[in-house]
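S.K.: The primary structure of each chain is shown beneath.
Protein chains: 4
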Amino acid sequence: MSLSVEKTTTGREYKVKDLSQADFGRLEIELAEVEMPGLMACRTEFGPSQPFKGARITGSLHMTIQTAVLIETLTALGAEVRWCSCNIFSTQDHAAAAIARDSAAVFAWKGETLQEYWWCTERALDWGPGGGPDLIVDDGGDATLLIHEGVKAEELFEKTGELPDPTSTDNAEFQIVLTIIKDGLKSDPTRYRKMKQRLVGVSEETTTGVKRLYQMQANGTLLFPAINVNDSVTKSKFDNLYGCRHSLPDGLMRATDVMIAGKVAVVAGYGDVGKGCAAALKQAGARVIVTEIDPICALQALMEGLQVLTLEDVVSDADIFVTTTGNKDIIMVDHMRKMKNNAIVCNIGHFDNEIDMLGLENYPGVKRITIKPQTDRWVFPETNTGIIVLAEGRLMNLGCATGHPSFVMSCSFTNQVIAQLELWNEKSSGKYEKKVYVLPKHLDEKVAALHLGKLGARLTKLSKDQADYISVAVEGPYKPTHYRY
Amino acid sequence: MSLSVEKTTTGREYKVKDLSQADFGRLEIELAEVEMPGLMACRTEFGPSQPFKGARITGSLHMTIQTAVLIETLTALGAEVRWCSCNIFSTQDHAAAAIARDSAAVFAWKGETLQEYWWCTERALDWGPGGGPDLIVDDGGDATLLIHEGVKAEELFEKTGELPDPTSTDNAEFQIVLTIIKDGLKSDPTRYRKMKQRLVGVSEETTTGVKRLYQMQANGTLLFPAINVNDSVTKSKFDNLYGCRHSLPDGLMRATDVMIAGKVAVVAGYGDVGKGCAAALKQAGARVIVTEIDPICALQALMEGLQVLTLEDVVSDADIFVTTTGNKDIIMVDHMRKMKNNAIVCNIGHFDNEIDMLGLENYPGVKRITIKPQTDRWVFPETNTGIIVLAEGRLMNLGCATGHPSFVMSCSFTNQVIAQLELWNEKSSGKYEKKVYVLPKHLDEKVAALHLGKLGARLTKLSKDQADYISVAVEGPYKPTHYRY
Amino acid sequence: MSLSVEKTTTGREYKVKDLSQADFGRLEIELAEVEMPGLMACRTEFGPSQPFKGARITGSLHMTIQTAVLIETLTALGAEVRWCSCNIFSTQDHAAAAIARDSAAVFAWKGETLQEYWWCTERALDWGPGGGPDLIVDDGGDATLLIHEGVKAEELFEKTGELPDPTSTDNAEFQIVLTIIKDGLKSDPTRYRKMKQRLVGVSEETTTGVKRLYQMQANGTLLFPAINVNDSVTKSKFDNLYGCRHSLPDGLMRATDVMIAGKVAVVAGYGDVGKGCAAALKQAGARVIVTEIDPICALQALMEGLQVLTLEDVVSDADIFVTTTGNKDIIMVDHMRKMKNNAIVCNIGHFDNEIDMLGLENYPGVKRITIKPQTDRWVFPETNTGIIVLAEGRLMNLGCATGHPSFVMSCSFTNQVIAQLELWNEKSSGKYEKKVYVLPKHLDEKVAALHLGKLGARLTKLSKDQADYISVAVEGPYKPTHYRY
Amino acid sequence: MSLSVEKTTTGREYKVKDLSQADFGRLEIELAEVEMPGLMACRTEFGPSQPFKGARITGSLHMTIQTAVLIETLTALGAEVRWCSCNIFSTQDHAAAAIARDSAAVFAWKGETLQEYWWCTERALDWGPGGGPDLIVDDGGDATLLIHEGVKAEELFEKTGELPDPTSTDNAEFQIVLTIIKDGLKSDPTRYRKMKQRLVGVSEETTTGVKRLYQMQANGTLLFPAINVNDSVTKSKFDNLYGCRHSLPDGLMRATDVMIAGKVAVVAGYGDVGKGCAAALKQAGARVIVTEIDPICALQALMEGLQVLTLEDVVSDADIFVTTTGNKDIIMVDHMRKMKNNAIVCNIGHFDNEIDMLGLENYPGVKRITIKPQTDRWVFPETNTGIIVLAEGRLMNLGCATGHPSFVMSCSFTNQVIAQLELWNEKSSGKYEKKVYVLPKHLDEKVAALHLGKLGARLTKLSKDQADYISVAVEGPYKPTHYRY
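Protein sequence lines, in the order shown, are assigned to chains C, G, F and X. For the first sequence, my numbering begins at 221 and goes up steadily by one. For the second sequence, my numbering begins at 221 and goes up steadily by one. For the third sequence, my numbering begins at 221 and goes up steadily by one. For the fourth sequence, my numbering begins at 221 and goes up steadily by one.
No wet-lab data here; the hints were simulated from the structure. Treat the hints with care, as some may be off.
For identical chains, the list gives no copy identity; a pair is met inside one copy or between any two copies.
As the list claims (entries may be wrong) - Simulated crosslink set (DSS-like; lysine-lysine; CA at most 27 Å straight-line):
1. 330 - 592
2. 558 - 684
3. 414 - 402
4. 661 - 587
5. 237 - 587
6. 661 - 372
7. 699 - 431
8. 548 - 416
Please model the complete structure; the sequences and the hints are all you need to start from.
M.R.: Printed below as a string of structure tokens:
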């Protein structure tokens, strides 16, 4: 796509695949609203007081139907919003169209190049000459990264006149980031520092982004307060677990139509995401084998009747391979060469480097046959057998299906709304320093409570006497901080 | 579409949506072949001797990728083939394109009108002036029905000069059938009798078609031998059960993206299809309620922890309704009016009359909003709430997803190939009368055996001594006829 | 125990372990009655008319609490009853005591020798000089066998003066049978023929006994009509499947307290019993491997995510071995030698010859350490490692636990009552020849219906219109005979 | 039993039911050792250096076979041990006998009165005139409680001459505690302070005891360091969850033989214990309804397809009630009156006050019928229907079955051994203050690692590069403290 910003009739900026899909997007957004009681409750509770009045929010998070309901919850509470996706394949174009037409500035489409991806991120952060956003909703930390790298570069440039050097790294994606910053430096050498100046804080959605934030906190380089939404119980124990339990088989079926029953499936990693994936595959009738580095998680897998082996033990026997580790170099090209014909290889962990896509692409004589978008058969020359790689190694549930379903995303995103409110309300109180915080447990419990009615549940109430007996307040929170659920 | 037959460069007749999808279809057919070991084994075992040399086969069965592998197995064994779909929504257009281009005459596309549907059926049966097919592969019995109704009308016409009267029935679809026959009678008053003359037999795929056949046998009106493939163990206990366990959630997810976990789902009917659906929904985290007329099946549901109630008991509480009964008038418009907003209503049983689509369409003031093809929201005027109906009440797994996966269809279709071979080989022996037969158990066991290797299984062998002890032959069959598996 | 018959104060004959356990037995019988709605409904429906008035019934069936409720249902309908167990370990002594004291002549205790076992069987058949029973309730066919062998011997003796020769067989148990018959012949050479004369028929409970009956039918040696209760759907698909799903883990836990989660379990045979066992083990967190000879059952196992291998493949890796085949020589001493230390070996199939107990006992240098009754550790001299054998290779769920729970036995036993009623009511009508019959489907459905209310289920009723549409009667039966459930 | 201490021939004190059961206990201990790899690995690793040389350890923890292996691990490491049970029903008498004969001073039998229970506790703490134990292994905190209450009373007595007044409390059990302390005060008014003086610390096994410790820490009344073993991941997420998943159905089956399939079961509380119970019941075919106060746990239940309601909603419909809350007054006599005939009521939470046993006993006209020990039917006079209460409201898995299986207890108890070693090794270092500590994560991971080999698992090893990428050490620990597993 040509990288130029377009404008709606009302002057809102956007860049999406096809604005004419807005009606379709709107219909699906309306369906999703019924499935997202937490977000709708936020509109009811906070909408009238317009707490985000005057706040600029930039989001970098999969531009799906569910995210559309999040965005329109933020705008319903008074915010101005600019948005991009945090994954090149995860945008649902009809969702992007509906939001662009009706609610917020969107820069996102399914199937961006990396170049396009970072252009979109930059657009989402660009609020004009007055600086950047007040708040960031981040997923994986790319928006946060761009600002941190930008500030670093500006400071170095000011001190030494030195510009970022894209050739200094082998990482193709980071080369792009440096180029963007370098180009930006030339036109405005204080751009990212102005952003930093204005920024109240970020709320981060996922494990990978959280890990980056804690590293920055440890190094003392974190530039603004951050709320770790991922580690709310109602996020990591719901979205990661139940979301993937839903969306992994969904992605497998849409991409390959393969029968899961009877197959041997390897799940690399048995954290929350791995647990959800393994449960889904087992329930669908697969025989599941887990690989793990952590003996505790390994023992959990065994207690569920799953075999725990190394990838090397099973690479030639399994039919389906799923990476969920959040680490890199899990399935290498040397593994892939040994797999059965039409073994399926996919990643639902976070980055595409869980699978050695680079090694695969560069394998001498390898042939790539695209069955359909996001479903490629790679044929090795020696054996003339192939493997099927989903979503080019990126998140297969978003690349091949539509990601997590609305209900579980309502839990995650209600945490986001609450985190954003918390940051914004406390912007002047000094409550939040340049550190990483998790939401207090009573807010976590509140998020859950907002989702019970939709499912017909009725909670038991503690008597005062019982509450005293276990030393909690009648209205909660009910568990100590270290409780694991 | 304009109803005119087209021809390939090689002169083969066809009518499909888009022949340019043939390459895509071919790629998916090649993937499916790896998942269909039974059919591929038939090619290896029987291909060299070309047993179907000279045989004309007409098929009326969902024109999917899996069916494409069946068709090309029949042609690999020497047959000439003409094909149509047995459901207006179940054709996969890329599969139809690949077959039309490469292998057989196809008349099928996704989203036929009823008018178009019966035109396609007629085309598939039309082998030119020399009469009809030698063999029929039927699913639901529509091809068989057309011939039986045709013969009946011809005989009446010959005797009385009376033509079929489409206005004699309320059933819109049967009006079309009568019109076709009426029009045919004018041009060739012996057409269907010539078909009957030539026909060696039919092999029928599914419960509904089998029921029709047994009724005709009971009435003494069956015109040719029939093999009941549905009641092969490797069909009804596999395709119906494990196939639906796979394709029901697949259809739900593709059509609505709804989170199944936490929802209340009603499964009407707990036969093989209902068992598969209930298992899938339970495993995905729904609370499943079964409705049943048969106390034995009801008790089976209870033993699996499912609640058994009537539809009236739960109509206002449930989120998802699935009909699997093979009967009619299961969910009426009066039920639908009482459902929760955005309750999902779908059928995986066989005909669209499990759900009262007619009642819904004619409900005063009802509004239909098409979210996307095969996903409609119907809004009732009194409440302004709506329900979501999938695939217009027709088979939702084929209408909203891609039907059953290849592996389980390989079981079903290997039975079809074996049944067709049996009919053809015995065409002159008098072995088969105008009755309904099931395949002998050793062939059923053979079908299963052909599918074990792909899944890495190793069978135990009986010793002679052990075989004697339980009074079976070492090489099987291993079970008495009445064994239920 | 000294083998002499005792008498209650009312003159009823018995031989049980300890009559003082009668009160305890009575309490448990009363609990069981609440869980056996089918039997209690029979008492309500048929009790007033006393249909069994004048009928003598001999039962040879595990003398448990559940059987006690069966016996008292038979007596409540007017029958006189004599009973023995069909397994040396399966008697619950408090159940036997309560029945002996209150209701029927019982000859059974837990831990009979084979000698004692056949003495009990003979006692149960001995109704005094006037001949034997009118009806037999059999389980495994031992009572039926004794009569058939007796008649055969008497006829040979009459013709040739030849007595049965116990030394003519290697089978230790059959030697005992022949000795009993031989001794009997001396005192009354027409005893078994008088029994045959009087006998109206037998209803047989289980697969093994049914197999024997069909063989006798095939050989033309069956002496009286037989009803195959085992193949009622409400028996084989309930008792065998759900009963074993309950009682296998129960037996394992009571015998060994072993944690099932995380273990590798081998289930030999995937029929109804094997399916129940495999489900229970999988659900408890074991990794289950199935061995099978039948490719159809093997494919079913694969579809549930179970691995299918041969015993040889896994003998050294598994922790738990369960035989369910109904065949012999499944686990041989050579297998047992290769097992891991403290591997558990047990049988829930029927006879103890599924496991090579003879080979084990005769293994040179093997040492048997009885942990507690029915739980033995056998230590091999070479390795000094041992395996744990349950119930001496006999039915572990009855030997180590209390067998199937009341509710599922209510299904089985209601079939028994109905079968006995049918035989008795038709004793003069000639309806039943010397053949094996199954109960008609409407009675099978009735048995199920009697069990729904207890579980809170509500059946849907067919409309006349719907019934016509699927060609059944409104009140059933609802399925064709070949339907597999 | 008469409360007098006995002595073995070697002079070791004990009081058990029947020393002659020692051989049977020894056999089962030997079986358990094979299932407890963590404890056996401790013996191998630490045994040679005798780290507990000179240490006196008092344990108050269910005196089962598994605990026997724990005790003999402590003695194998050099400790002297005295032991009592922490529950009046949980002792396995053969285990107690074997330990008393072979290894340690034991005061425990199945079916103690409360009076006897506290006498045993006092005996276990009594190491003679030189003061008490160096270390305590506690479960529920009763040994710790006795010392704290003793010290409090001694201090008050010293200051005011006032003796504890048993009539000052309604709680029958606490009256006994006060009486014991009062009697002790008369003979030695510094006894508990001498114990406090000597005590290095306590390691606490379970939630309830931990809660007490944190309260004492909060109040500043904790007298010595405590290690919270319960909240090791390898304890609370294993023993509580997988242990109860095993032992709940075991207890139900042994106590009642009831069929679980088809029943409606209510699980009060969905913490780790509730999750294990609900999973077991669901898998056995029950329909499970959860009651919860915590919205997060409630939402977890819903995601697994369980219904969440209040006890009032379902009290008349359910068949089985299980309390798992750790709170009091969960099922009151007013609930019990409304239950179905023969509804089963049991507790696996911790104390018997989860069920209103007092209310039940005092209900006017109620009749208690003991079916067998730990299984009572309570009949209400108005309805003449009864409910079945297990283990008199105390832990049903220990009262009616044998508690958790060895393998999962090996995880818990390896934590205990490590905690005891840590306290002992650091007794002079000042590392541990009068606070509650959890074990560091690398020890938690070590416990898990020791249990993998037994189950045939193979761990994956991180490369240095991968470890750096996720910022952990190659050898772990692998997760942040807040990780929830």
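S.K.: Decide, hint by hint, whether the structure agrees.
M.R.: Hint-by-hint comparison with the structure:
no.: 1; hint: 330 - 592; verdict: both (14 Å within a copy, 19 Å between copies)
no.: 2; hint: 558 - 684; verdict: between (63 Å within a copy, 24 Å between copies)
no.: 3; hint: 414 - 402; verdict: within (16 Å within a copy, 73 Å between copies)
no.: 4; hint: 661 - 587; verdict: neither (52 Å within a copy, 45 Å between copies)
no.: 5; hint: 237 - 587; verdict: neither (29 Å within a copy, 30 Å between copies)
no.: 6; hint: 661 - 372; verdict: neither (35 Å within a copy, 35 Å between copies)
no.: 7; hint: 699 - 431; verdict: both (25 Å within a copy, 11 Å between copies)
no.: 8; hint: 548 - 416; verdict: neither (30 Å within a copy, 53 Å between copies)
When the structure is compared with the earlier hints, violations turn up for hints 4, 5, 6 and 8 and for no others.
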